[in-house]
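J.: Listed below, chain by chain, are the residues.
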Amino acid sequence: MSAVDQTEVAQRLPSGIERGAIDCDIHPALSSTKELRPFLDEHWQEMLAVRNIDGLDLTSFPPKADLFSRPDWRPKQGKPGSEIGAVKADVLDHFDLKFAIANCLYGAQAAYNEYIGEVLCRAINDWLSKEWLDKDKRLRASIVVSLANPEAAAEEIERVAADRRFVQVLVLAMGEALLGRKQFWPIYRVAERLNLPIGIHAGSTYRHAHSQAGFHSHLVEDYVVQSQGFTAQVLSLIAEGVFAKFPGLRVVLIESGVTWMPALMWRATKNWRGARIEIPWVRQAPAAIMREHFRLTLQPFDAPPDPADFERLMEHFGTDEMFLFSTDYPHWHFDGDDVLPAGMPASLVRKILVDNPLKTYPRLVEAS
Amino acid sequence: MSVIEEAKAAQPAKTRLKVIDCDIHPALRSASALAPYLAKQWQEHLRDFGIRARDPLNGRAYPPITPALSRQDSWPESGGPPGSDLNFMRKQHLDAVGVEYGVLQPLNPSGREERNPDFGAAVCRAMNEWQVAEWTSQETRLKASICVPAEDAEASVEEIALQAKRRDFVQIFMNPRLREPIGLRRYWPIYEAAVEYDLPIGLHVGGNTGIPTTASGWPSTYGENHFDQSTGLQVGIANMILEGVFVKFPKLKVVVVEGGLAWVSGLCAHLDYYWSRLRQEVPHLNMSPSEYMKQNIWFTTQPMDEPENRLDIVDVFESVGWDRLLFSSDYPHWDGDDPNFAFPATLPKAKLHAILCENARNVYRFETR
Amino acid sequence: MSVAEIEKTDPKSSRLDLIDCDIHPAVMASPAALYPYMSTRWRNEFESIGPRVAQPFLRQVPYPRLTPGNGMRGDAWPAGGGAPGSDLGLLQQQLLDTFDISHGILVPLTPSTLNQGLCAAICSAVNEWQIDRWTSHEPRLKASLCVTPDDPEAAVEEIRKHAGNRKFVQILVTPRTIEPIGRKRYRPLFEAAVEYGLPVALHSDIGGKHANSGAGWFSYYWEDHVAYTFSMQTMITSLIMEGVIDRLPDLKIVAIEGGFAWVPSLGWRLDKHWQRMRSEVPHVTLPPTEYMRQNFWYTTQPIEEPETPKHLQDTIRWIGADRLLFSSDYPHWDFDDPRYAFKTKLSRADEAAIFAGNARRLYRLDQ
Amino acid sequence: MERHVIAKTSEIPPGTRKLVEVKGRQIVLINTDGEYFALLNRCPHQGGSLFHGDLIGLTESTEPGCYKYSRRGEMLRCAWHGWEFDIRTGQSWCDRRTRVRTYRTAVEDGAALEKGPYVAERFNVTVEDEYVLIEV
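Keeping their order, the protein sequence lines are chains A, B, C and D. According to this note's numbering, the first sequence holds residues 1 to 368 in order. According to this note's numbering, the second sequence holds residues 1 to 369 in order. According to this note's numbering, the third sequence holds residues 1 to 367 in order. According to this note's numbering, the fourth sequence holds residues 1 to 136 in order.
Straight-line C-alpha distance at most 30 Å; calculated DSSO-like pairs for lysine-lysine:
1) D:Lys68 to A:Lys182
2) C:Lys8 to D:Lys8
3) C:Lys161 to B:Lys248
4) C:Lys252 to C:Lys161
5) B:Lys248 to C:Lys209
6) D:Lys23 to C:Lys343
7) C:Lys184 to B:Lys251
8) A:Lys245 to D:Lys68
9) C:Lys209 to A:Lys182
10) C:Lys184 to B:Lys248
11) A:Lys98 to A:Lys130
12) C:Lys184 to A:Lys64
13) B:Lys40 to A:Lys76
14) C:Lys310 to A:Lys351
If you're looking for bench data, these hints aren't it; they were derived computationally from the structure.
Bound conformation, chain A alone:
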């Protein structure tokens, strides 16, 4: 199918985007670990109750902060994104999506106790399957894993991936150790084999301060400097040779913002020319590796104010294959239907809405 003229599309859908888009980042909310009870064994059912293990929401995402709940997507009660009816109405139907990928942000991934992390991640994956995927055919999900024990994470991926509606593996941008490290390779081995990209989502497990100068006072600062965590992960995955070892692996940077990347490409490639002897397995310019292996979701789109600069920016990336449509529902980055950045050329719209996601997530192709 050829590029669709944007004005034509706009006539078709009130949202201004083409019917059948693929939303690569929405957030179903787990209200309480009590919802996980059916998916836990007796020991953990009892422990959750007698120790009151609950409220493990990530500090990175206070659900009532403006950034994380768009006013018209805020339910009267409970957390935004906790009710499937609202998710259908607000996103799936409203944007007439073909698919939406559900990324559950709950603190299981940040647990210090590896068994609590594993058991809650496993339960969340089963909960996603039963409470979300079974209830709407358009939904797809990411497998959440705890990185405390990568072998166990690989087993969990293997187990859940048998369900083809799970299309990616989800980890947080700021964890205990950088993701390129060899200890995590069992995860990449299985992900590559099973056609699952690794989705790195904004958020911190607080094993380290967000910045080299410690902890910022404000949530808004934490959110801005998330790009440092993403930058570090891109560098680490390349430097440690993850793509030399797993050439089929793709990594999706989710809720990362996008405009920080060209400067990283430039500097990383420049330094590689002088520092290559340190990492001889990096045989291509890092910018080329980024274009081949990394993808970025659209929202929050940290765009230049002048729409005319959009195209300049795209040129700096050197490709238009890297961007994937996302609403980041129920987070609040745009109002009404202004989900696509101003200045985006019509030729790019369809790529971002459909083609790039399909190329990134092989499991979506099976179903389309």
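Could you slot chains B, C and D onto chain A? The hints should help.
T.: For chains B, C and D alone, coordinates are given in the frame of chain A:
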């Protein structure tokens, strides 16, 4: 193997001594119960953001071993969490164990650890007002602790100056685990104010600082973390001594709360040994570290160490110093101590008396405040 | 395939005026030079215990560099011995004379010493040493007033001591402070800077008291080098969002040795999220990019090299050519040569501004 | 193309190098195991001095953790930004579009050189010695 004997009280009820409890944790009935003490801006902030410490899961990263960290029988019939109902606290604790004075140490919400400095100061202020309005003004046996946002020494001093005038407050509440070692100069204005108003620093175990509780990283379980927190206290007081806090403020009183006791003599020996080798690095110290320990620092007893041979605890008391020990219950927490069962029955009455109330009376000077 | 050969240019001919905003005189390579400026107490401690920093190796940087001397230019070693940047004669010949530099700003790099007393003593000594050893022998060189930000009281004292001396053109601190530098504890430092009309410069630092990323420690120098921009981004974010710039509208901040291509994106992110989160930072009254346009400057080295060199033109336009200060980073390995660093043709006006005009105004070099 | 006599072989034993100037160009002359290589002393990147750079081997890798070393002393690393050039071809390792200019070298004895033609601005060629020549 013999059957474990029924627990025996150290003293029969009739001859019971007065008890001063240096660590009682009052709780808000609900998160919104603090609202009346906050400006509107901060009420909304509390609702939308909550406390943002340097922690991934809003203080729940190490799920506690019991709900609300509390003993199972401490949930009031009136609803609300343990420690939230004054009448129930009177009945279950103050009256039942004969508390003459009880020192409140409010833990949550913690303005001490909040990253937004203005909000942190506002929460501390609110917690102080709440202690007076809902506790000390209703119950004269209870005394309050001045919560301060210690990372902001200037705001802390302001809060101390404001609250120290009220007889309700008997100490300044700090955690030993701050963003930087607690003895560093940036915190000295707080100690200066403490001396000026003759208020001890109540150094309660804890601190949610983003720095792992061990020097080798983050422990996995609540049990490890519970223990490792006490090492934070050891590091804290060692640092205060070595940085020269007590040289500058010889009259400063520090009460170490909820850190246990068995480590104290070992720490003293270590500090003295290394000090003898590395004195050149801390030339400002006028005497050995253990002498500052005996001069400026007191210890609450809970969680009471339980040696295999129960009577060995007497050696621990001896090494810390009979005049340095202050009874604390940690009510209503799960690891609390009951004054009737925490001490060996053979303890001489005068010594027990010192621990249960006289030492605390000397440190806090309740009557003269 | 053709041989790529850059045009050979006379280093002096191309521009009228050149100011280099980042020259590193060797300090820690031979610290004994500082002893005359230290009290016996701190000198003894320096010799016996040394400056303790939060890094594992006593005599090696955490990520070993690619060239000897912790990453020196191979041709900058003085023939008579000593470290690169230790010999005024060679520095004059290889840098100041070769490029006909009218002013060069010394940026001495000192360790972020954990013992705050020793840290302050080292800063004081380095300040005296810059005057004695460098600026009084070479009028083209200007000094940076080194202070220890984590002890603002000591920092302010040191600023007061030297601020009257016009040889010092800026205050120099590490951006890798124990807390983000906009937080209240650092306020006295910035108030003093404004009082004395001195810019505060923050130079990339190889170590601090936190991991070099929010996601943990890197393995390779290649990674760490890119991450030098992190502390710059954090510093700008913090100064703006804590309201420091709002409170001190005359404050001037210089980010040294971070490059600059990351600046536009940071501005867009800050604006976007500030817009959404204004209730959290009501004290920030303007969009963050407005402060970035008014109060922040960036030195150019290590210059980013887009695959398509003209892309850098967009970057410069987005930042504003009035914000950029040329710097060479002599004698480090990633030195930028003023002739070849910009691989895209700048307008005469932009070139004049970036290579000298901006620095001349910012540092009041004509006064 | 002129042949220039630029050094006596005895001046640059194996493993050493010499900076010479020919027709206003600075040229690095390198002796690696008895073979002579000549490259323009100006890095195509920012003009850095190649003469001051290290002569290293070629490190390649087939997978992470593998450091395959070969061709000792045949890669010249710029003294500034560390770009690596193959001394045989001048080829930049990282940037396939970039080469540094190289010059053909030859070794001839004084007797042969007497027949000419050559340029030896600063040499008195004697029959007893051997010389390195480059074509510029």
